[in-house]
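S.K.: This is what each chain is made of:
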Amino acid sequence: MARPAPASAAALPAESNAVARLALAEQLIASDDAAECAQRAVDWLARHAAAKAAVCALVDPETDELRALAGFGITPAQLKRLSVHRDEGAHPVAFALSGPTPIVFANGKARGPPPLGPGPFVAVPLPIAERPEARVGILLAAPPSPELEREARWLADALGQKLVHLRAMRRAVESEHRLQRERELLLSVINSVPDPVLLTDTEGRIIISNSRADALFVARDEQSEGRQRAVTLNNMLFSAALSSQAIDEPEAARRELLLVNPTEGTDLLFELLSTTVQHPREGTGFVSILRNVTDLRAATEQIEENYRKLRIAEADVRAERDRLDLVIDSVADPILVTDASGKILLMNAPAERLFTAPEGSGDDMQRAVRTNDAHFSSFVSNVFLSGGASRFRGEISLADPQAARPLPVEAISGKVLSEHGEVTAVVTILHDHTEALDKARLYEQLERASKELQEKVREATAELVRRNELLQRQAIELEQASQLKSQFLANMSHEFRTPLNAILGYTSMLLQGVNGEMTPPQKKNLGRVDSNAKHLLNIINDLLDISRIEAGKMPLHLEQFELPTLLGELLAEVEPLIQKARLSATTELTGDLPAVQGDRQKVKQIVLNLLTNAIKFTPQGAIRVSAGYDATRDEISLAVKDSGIGIAENDQQKIFDDFRQADDSVTRQYGGAGLGLSICRRLANMLAGRIIVESKLGAGSTFTLHVPREGRRP
Amino acid sequence: MTPEPLVLVVDDFQDNREMYAEYLAFSGFRVIQAANGKEALDQAFANRPDIIIMDLSLPVMDGWEATRRLKADQRTNAIPVVALTGHAMQGHSKGAMEAGCDSFVAKPCLPDQLVAEIRKMLSTPRVNAAKAGG
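Chain order of the listed sequences is A and B.
The numbering of the first sequence is the working numbering, which starts it at 1 and goes up by one.
The numbering of the second sequence is the working numbering, which starts it at 1001 and goes up by one.
Rather than coming from a laboratory, the hints here were simulated on the basis of the structure.
Keep in mind that this is a model prediction, so the values were computed, not measured.
Careful, some of the hints might be misleading.
[To be verified] Think about it this way: if two alpha-carbon atoms lie no more than 25 Å apart in a straight line, the pair counts; the simulated PhoX-like pairs of lysine-lysine are:
#1 604/A / 580/A
#2 604/A / 1071/B
#3 553/A / 1094/B
#4 1094/B / 485/A
[As the list claims (entries may be wrong)] A short, non-exhaustive set of chain A residues, derived as facing chain B with CB atoms under 7 Å:
#5 331
#6 498
#7 502
#8 505
By construction, the Cβ of each residue, glycine as well, lies at the ideal position given by its N, Cα and C atoms.
The following block holds chain A by itself, in its conformation from the complex:
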């Protein structure tokens, strides 16, 4: 059994140990770690109290089990084995723990395995001064000696106090950590609430708030002035609401609170729910939850507005419907509105006449109405099946139930589509087709008549074309005939010339006395043969000229010539005739006469012809040939003036016709075939010129040829 260690041992420390105790005490005070303190303690015992082995064990406050904390002079396995529950009273260690004083255990006396190996040991509870249940551990040391007991007792006291203190400190830190976690948890809970949540005191000061509440009620100094003001205002509004609530209705209540959004400056409407809380230490406070109902109110207002609009729209629709009814009823043609199942939803009075039978009407009428209905239903179902086209047109053979006569109608249907494109209704208007059919019949007749007319016009046109062709053919034939005539004349002139050549030749020879001298009467008569033959030759030449001109076989020969020279030649050629006729002839050149570019031979032929005519028709007197130039028209003029018999005004154009003289009777008197002027006119035309006659019967004539100074080929 154990015996209590003598108490005096601790009371009388050796002088040397006082210093060691002080050093250890300082070390213990400086350390905050229990294990370190324990290790230093057992080491100190070994060094200063001659302990061979020492162990410091602590009671786990959770399990009440004793565990070794530090040891000296024993194996780790022994250290580990030293694990005892506080309630195992039979165990020496557990026993010593609850004992009042240090106990010395003799060798082998204690139950269980010896904690420090074989041999006696001392067990000192830590701290000795405490009540057994409040002790935190035990100090074991061996071998027992008075010195060891004394030192162990002191150590147990000092170490015990330290360990108790460390344990209390750890508890406080742990508690603080727990509280901190709990507070964080609480804050995260209230921050996760989507509504602003606040705990305020009776003055309205915020004790706890979540972030959403902070957004409304807290402004930091660096934030904008507007925000500061908004936050101040919000705090005032909130405090006012709380205090009025505290007065009016102390129990939890809902009320509306209008605040300002500090960020945007807009109004925010909240529903405020406040509850009074009593806290034993903090006193009375309020927990407030604010719910944003701004959107809710806007939505409510929107719903009200929509409802109002709906009512207006309904009224409009009603008015529209009334108007539509009026319109439909005022249309003379039947109108029907059918739903998707073919049921008639609406019809006007004319439609009713066709599709409803009045009460008490006869069987015939009922039957007609049913037949109409069947035809119409069939038509409408076709409309529904008609696919894409929004309009549908068709003909329905209805009957007029009242007049009991067939009523062909043209039906035009329009589909009423929903916004999803489904056909919701069909509106059909029926148009009396009787008239249209009559019109079609009339139109057919008209068309037939028109076709007949067209046919006649076509025949007439064909006839016209035929006649035109005939005329053209005739024109061609005429042209050919004219050509043939010209050719004929040309051939004839050749045929005439050949014998004339012989006549003229032989006559000339006879007159020259080739075959011997002739008597004067023979010469005179032969002279007549000669002159007649020459006259005949002239006529033939004239005919040839005309045929050549008409056949287009008389080309222009343009050359440059001088008028004075030409006039001289002309006068020289007619000189014998003039002398023979005992006339006088003069020429007159007026102004500067430019050189002429033209067909000299033809100009000469014309003027020669005019001259011979003048000589022929001037029994006595003078002939004057004059040449002039009109610069403005760039024309030359050659005039032949005589003092002859003249030409009556009526005859002045006729004389240019073929085979004409002014008076046919003069032909006999003056001779000539009357082709000269005709040829002159044709030649003048070829030269792009003209011949103008001025004359008076019995007072002479003037024939003037005008031609361009510069001739051009046609």
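Assemble chain B onto chain A, guided by the hints.
M.R.: Only chain B this time, still in chain A's reference frame:
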């Protein structure tokens, strides 16, 4: 003494041919005659006349063709040919010149006019006047 110039008169119309022949003889020329182009060639090759009076519308061979052949033959190409025709149309004189005629006289042509033309032609110096076998 230089013999009088020999004139070949070609005309199918006997009266005209003989009329000119008589008058030319009367005027001092020697005259030979032909009634168509073929005869004219024969006469010309045979007698080498100094000048030929050639009617153009002729049977057997017309005056244009005869003239072409005369002018193509070196024996006769130097002999002046005076075309003589009653066809006073443009085409005739042009065709005659193209065939090689040296001058053109339209019928009716009085015998004394023809003589004047012949004298004029004979007096005109000719470039290739060298007469073969002259």
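S.K.: Check whether the Cα positions of residue 604/A and residue 1071/B lie no farther apart than 25 Å.
M.R.: Judged against 25 Å, a Cα distance of about 36 Å means the pair is violated.
S.K.: Regarding the pair residue 604/A and residue 580/A, is the alpha-carbon distance no greater than 25 Å?
M.R.: holds, 22 Å
S.K.: Given residue 331/A was flagged as interface, is its beta-carbon under 7 Å from a beta-carbon of chain B?
M.R.: Where the cut-off is 7 Å and the nearest Cβ of chain B is about 92 Å from residue 331/A, the hint is violated.
S.K.: Between residue 553/A and residue 1094/B, does the CA-CA distance stay at or below 25 Å?
M.R.: holds, 13 Å
S.K.: Check the hint pairing residue 1094/B with residue 485/A against an upper bound of 25 Å on the C-alpha distance.
M.R.: Since the Cα atoms of residue 1094/B and residue 485/A sit roughly 23 Å apart, the hinted pair holds (cutoff 25 Å).
S.K.: Less than 7 Å between beta-carbons is the criterion; does residue 505/A satisfy it with respect to chain B?
M.R.: holds, 4 Å
S.K.: Is the hint on residue 502/A kept, meaning its closest Cβ partner in chain B is under 7 Å away?
M.R.: With a closest approach of 4 Å, the residue 502/A hint holds.
S.K.: Going by Cβ atoms only, is residue 498/A closer than 7 Å to chain B?
M.R.: holds, 5 Å
When held up to the earlier numbered hints, the structure conflicts with 2, 5 and fits the remainder.
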